[in-house]
Amino acid sequence: WVSGWFLLTAPIIFWDASYCLMRPRSMVGGDLHWIWEPYSIYQEVDYVYGVKALEENNGFTNAQSFMNIVETLMNVAYAYLAHTGWAPAPVLGIAAATMTLSKTVLYWLVEYYCGFCAIGHNTWKDLVVYWIIPNGFWLVVPSLIIWRLTRDVAAALKGA
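Using this note's numbering, read the sequence shown as starting at 236 and increasing by one per residue.
No wet-lab data here; the hints were simulated from the structure. The reader is advised that the hints may include incorrect statements.
Subject to a maximum C-alpha distance of 30 Å in a straight line, what follows is the list of computed DSS-like cross-link-like pairs (lysine-lysine) [stated by the list, open to error]:
hint : residue 1 : residue 2
1    : 338       : 360
2    : 360       : 393
3    : 393       : 287
With beta-carbon atoms standing in for the labels, derived distance ranges [stated by the list, open to error]:
hint : residue 1 : residue 2 : range
4    : 260       : 388       : 39 to 47 Å
5    : 275       : 242       : 41 to 49 Å
6    : 393       : 340       : 36 to 44 Å
Remember, predicted model here, so these are calculated numbers, not experimental data. Every residue, glycine too, gets a C-beta built ideally from N, C-alpha and C.
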């Protein structure tokens, strides 16, 4: 299931990262916005993805997108290597999932410590539907992956 998650999410993450890296062309009014139409909602929900961050030259958006690409390349490498029998593959999977989890925790903590500066304007419903639930997946699933792969590594070490 770990490889399935990594492969299922790879195109989603690349799509998200490309939205961020292509701003302002990817945003509402941009010539390429049609590729990222759902972001017309999200850029208003999370100002990190919106005009405000772009105008303020906020580097976090593109920095986290760059890290998303690195994580996703590691995820895809894990999926390939795990299925070719490369014994250290779980260590790569743990590292990638830890990066994802850590970056997501950082994202949430930035919101907390800035007084919810990028999401605090939302209604409770919009916040839950468009921010907490989608971003919550990036806390829960990487945590489960870390747990699963760590068990695999521990079992392999015990048997060595």
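Now for the hints, and whether the structure bears them out:
no.: 1; hint: 338 / 360; result: 24 Å, holds
no.: 2; hint: 360 / 393; result: 47 Å, violated
no.: 3; hint: 393 / 287; result: 52 Å, violated
no.: 4; hint: 260 / 388: 39 to 47 Å; result: 43 Å, holds
no.: 5; hint: 275 / 242: 41 to 49 Å; result: 28 Å, violated
no.: 6; hint: 393 / 340: 36 to 44 Å; result: 30 Å, violated
Comparing the model with each earlier hint shows violations of hints 2, 3, 5 and 6; every other hint is respected.
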